[in-house]
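Fit chains B, C and D to the known structure of chain A by using the hints.
Number of protein chains: 4
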Amino acid sequence: MEQTTVKIGIVGGTGYTGVELLRILANHNQAQVVAITSRSESGVKVADMYPNLRGIYDLAFSEPTVEVLQACDVVFFATPHGVAMSMAHELTAAGVKVIDLAADFRINDLAVWSKWYGLEHTCEDLMPQVAYGLPEVFREQVKQANIIANPGCYPTSILLALKPLIDHDLIDVSDIVADGKSGVSGAGRGANVAMLGAEMSESFKAYGVAGHRHLPEMQDKLMQMAEQNIGLTFVPHLVPMIRGMESSVYANLKTDMGQDQLQTLFEECYADETFVDVMPAGSLPETRMVKGSNMCRMAVYRPPGSNKVVVTSVIDNLVKGAAGQAVQNMNILFGLPENSGLNQVALLP
Amino acid sequence: MEQTTVKIGIVGGTGYTGVELLRILANHNQAQVVAITSRSESGVKVADMYPNLRGIYDLAFSEPTVEVLQACDVVFFATPHGVAMSMAHELTAAGVKVIDLAADFRINDLAVWSKWYGLEHTCEDLMPQVAYGLPEVFREQVKQANIIANPGCYPTSILLALKPLIDHDLIDVSDIVADGKSGVSGAGRGANVAMLGAEMSESFKAYGVAGHRHLPEMQDKLMQMAEQNIGLTFVPHLVPMIRGMESSVYANLKTDMGQDQLQTLFEECYADETFVDVMPAGSLPETRMVKGSNMCRMAVYRPPGSNKVVVTSVIDNLVKGAAGQAVQNMNILFGLPENSGLNQVALLP
Amino acid sequence: MEQTTVKIGIVGGTGYTGVELLRILANHNQAQVVAITSRSESGVKVADMYPNLRGIYDLAFSEPTVEVLQACDVVFFATPHGVAMSMAHELTAAGVKVIDLAADFRINDLAVWSKWYGLEHTCEDLMPQVAYGLPEVFREQVKQANIIANPGCYPTSILLALKPLIDHDLIDVSDIVADGKSGVSGAGRGANVAMLGAEMSESFKAYGVAGHRHLPEMQDKLMQMAEQNIGLTFVPHLVPMIRGMESSVYANLKTDMGQDQLQTLFEECYADETFVDVMPAGSLPETRMVKGSNMCRMAVYRPPGSNKVVVTSVIDNLVKGAAGQAVQNMNILFGLPENSGLNQVALLP
Amino acid sequence: MEQTTVKIGIVGGTGYTGVELLRILANHNQAQVVAITSRSESGVKVADMYPNLRGIYDLAFSEPTVEVLQACDVVFFATPHGVAMSMAHELTAAGVKVIDLAADFRINDLAVWSKWYGLEHTCEDLMPQVAYGLPEVFREQVKQANIIANPGCYPTSILLALKPLIDHDLIDVSDIVADGKSGVSGAGRGANVAMLGAEMSESFKAYGVAGHRHLPEMQDKLMQMAEQNIGLTFVPHLVPMIRGMESSVYANLKTDMGQDQLQTLFEECYADETFVDVMPAGSLPETRMVKGSNMCRMAVYRPPGSNKVVVTSVIDNLVKGAAGQAVQNMNILFGLPENSGLNQVALLP
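Protein chains in written order, with numbering that gives the first Met the number 0: chain A, 0 to 348; chain B, 0 to 348; chain C, 0 to 348; chain D, 0 to 348.
Bound conformation, chain A alone (with noise of 0.2 Å):
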């Protein structure tokens, strides 16, 4: 039998989550990285940049060219924002599927998108063929889509929380708080004071206050979801540690539930899903229980004496946050099994 293999560039490879990519798609028996670009490091070996891949890849990277990514039949944009629209005409037109793991096509409301990344937003036609690549919430609108906004990390891991509660129309969706924790990993590769080992080993702290972008990001799709208009209190904190993501929601009950009614809808709603484990009741999952791999791993909590619920999720922001959902959607793209090149068993210890 004969195997699909999808050619694949990668834009703006230099970053961890154009590592990540790598990393994952060696493993990927579908996928061949055909190209991938940055115009900084441009005829440097992606083994010499990041000597994990050493004996592994033997590809330089190149200088961005449209008639390179032309031939291939998706293309990651693994970039600050604002790349990817600014290439996903010319991409798109020749059937190129454009997976970002940019925030370029991530917001619906494209004033509101104006308003949080401070640019005039140039693919406003394109939307139409856009779908917001969170599998388990927009499986359908990804399969049809030909851009695939990849969700931010925050957002997957407050979303997949949410769901099971939004679905079933549980909670006031006016009043949901999520306090969020990540790891450095998260802030990316540039030289920055305050990411610097000796700065944030040993410490602790909230931040974004003036207000983080994945906070319109996830009133976007909230609202699509729940149907309505929703208010949600988001606070990112900063781990001292490389990856991971662990989300604490709260929200209030409209009508009582018991743990054993929320643990079995959970349970129920995330049971075909590949990459979202429902912890038993009374296990709480930890970040390392998904370090390299691609799942999500949530625990549902019924504090006795309110009407709150708690619901805490973990994901690897790299992985299930990044380059490894990118990975699940190009499979979904092309008709692979979801799962292919993204079974990696997390690192633990």
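Keep in mind that the hints were calculated from the coordinates and are not lab data. From a predicted model like this one, the values you see are computed outputs, not experimental measurements. Each hint should be verified, as a subset may be incorrect.
One copy or any two copies: either way a pair holds, since identical chains are not told apart in the list.
Distance condition first, Cα-Cα at most 35 Å in a straight line; then the derived DSBU-like pairs of lysine-lysine [unchecked claim]:
1) 6 / 253
2) 114 / 44
3) 253 / 44
4) 114 / 253
5) 6 / 142
Same frame as chain A, but now just chains B, C and D:
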């Protein structure tokens, strides 16, 4: 001018709060540790167990006897719960002040206490002599007490965050969410697989799903502060770092107030406090800003588009959250300057 | 084409090398774990103890019985020393291959073994069937053995660093210094105060002052490799990280050789090895370049102004230093491709 | 009794040694920081850059002018190399003592200095006024100097480890190996990708393959101490922690000496030193035993079966390895108790 020297006994000095008391008291010029007890380590020099104290203390652990402790002016209990309770009658009868770093005297409602701690309370008669040792809230009671219930670490960080809002009756106290995060030293020095470096490093998790004992402690004190019933949802989390605690507290404002008004209100509330620092608007505290020091630093934040107020506060769980606050209480009890021995500057980086 | 499937038993699977074997074997397409034993955890599902395995293994720990293990093709011992020795006769008699990740068969001189391990050796008769499972040095012996003594982590990193120098008789083998550094997972999963996160984080130390058991193991193998007496000074150190091992090895060149000659010699020595990577001149390996992978990366360095040669090598102590190398040995024993199941790319960042 | 107050200027106070000087001097009762300069941060309050100093210093960074600095008793240079050299003439001419925490005056052989630092040395005439500020070796010179070359961190830990052996002419000084390990704060506060938390956490590596500048510094001082040529191989390593430095030093004994003799010799050598602690035989120092303190703790070890002696020593690279030793030198220069301001107990855990 002659100076008082307070003679100090420490019961159960082998844990982290014990060594932290010794570290702090080493630079207190009106305090002398005359006895430090441990059944299991009797005869061992404290500096052999804690080599950071080599050359500073020549003291050895001794058996905890009433005679030795009755010769002290004050006895700190750095023990599991239940121990202070068992010696409090004899010590207070001899005029010795008791500062309990465990939980024996933290909850006024002794039925609630017994439920959470699984013990009969044997000191009901002494409760009128007890003050909850959070000086910024209960300083006058501390001054006149014979027994200090030194607060838990989470309650310290969360009650201080809420005090300005409750004092001015600004929030709906029936629906408060406190998302707490602690370094691993809070779990103590017991051999425990889950606290091994290979288990807790590079991971983040919620814990205490079955209910954390600091919840009833906070409920008890918040009701006292608010003079009404309160509703508190509290989820503690474990951070891969040794020291430090951050709490993010979420509440709904009853009447609208802007960022500036809240900022002013918080600054005024703590203007006279040595150990509470309200950070400037727009900044956020980090736990490293208080590492090794007795400070609590906090920020108040008013997210746009809702009626929420968010307060984030940080302490060193072993200092303001334990041993430092205990020394602060001792200073108040004996009429010493409240900051004696507590001038450590946080270790940064 | 039909493929062999190797039936595998794992004795003592509750420790870190046990879970690491399971992680690696999960992606080995010619291996099936049919039994994993633990006296203390019998009946517990492995995924309940190691939640990274949820959804991957449905297996439960079972009592270690000879019947079950004799039905396997190979049995891995991820146990304390002494256990493999107690079952080796029965298993090898039944034609089952034994791979011992502990130390029972690592030292040919059984008097030395007994001195360091404090036990009588009960398998002297089996020693002719044993190979020391460092394939890059002893591959031919491994192919024909029935029992594999899987090397210690320090010996793996240090012997590989020295092999090119010894093969070419370049150094004075009577005066070698090996300064080793290990992450804390090397200490295992036992509850041990010194390995608590609050104790080992943010600290670095030498240990093993009374002598580390990997010293006689290395002496034994170095003598075999050099065919003469050797002198080795070995000091192990503990690094505040979970995984990873670095060794810096210092020796005196007998005849002068430049950096370029040494570089070429090292590259040639390992040109055909899948799991040893000689880094380019001027670069130095970092443990993160092998995290989760079976690679050993090394660099050779010739400091000016002396006759010293320095080799630094890195491995993941749980993979090439334990479970990965054990699977590599299994592959050799059963004629499978040596890298089957061992294509994990190091997790970076 | 009236007390002297030393008026202090700090040039280049924005780095880690700058903030560490401020932390230490905050508890020095005979010192007053009157100026702290920074071109780039002029006008910024030090507490805004280093929030651990909030409430302790009201001082702002100022432009470095000769007038301001000439009004000081002593000026610390916490700058890159080359800066102290450029101001030393003016300051010493005005009777101001200079303590350079950088390398300008560390190497007596100025040709060697120029080769390693790539600059012309402009203060040859001042070299007779310079002392190398390692008080335990060169205290008498320090007392009479006008300029202190504050030692590098590696040299501090390694020279102190070797002093007893060299003083008694016990080792072959032509073949010394020093394997050094440093926390990341040693790399300073500059934005540097390699020092990002996501890069250096959970990893260990050797570095400085092209030669570390502390090597010629140590060679220079060891020759002075040994009064003969010496041979030193030095490989520095980076440890994933903020503070702390450990050095393991290996040498060959010229005549056999047992563990006990060596232990006695080390203890006697440092019996009168406040800041050097020889640990008991059989114990080993850990960097956490000196975190935040000015202590150097060490152990001497005699491996059986060879003529090697091993010394392991630990310091806090920012305290005894930089700012603390600088204050110790200041105390000596001004006739103050050598431990003034240096009574911090190491922060453990």
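Against the structure, the hints come out as follows:
no., hint, verdict
1, 6 / 253, "neither (49 Å within a copy, 53 Å between copies)"
2, 114 / 44, "between (38 Å within a copy, 33 Å between copies)"
3, 253 / 44, "neither (56 Å within a copy, 37 Å between copies)"
4, 114 / 253, "both (33 Å within a copy, 30 Å between copies)"
5, 6 / 142, "within (18 Å within a copy, 40 Å between copies)"
Hints 1, 3 from the earlier list are contradicted by this structure; the remaining hints agree with it.
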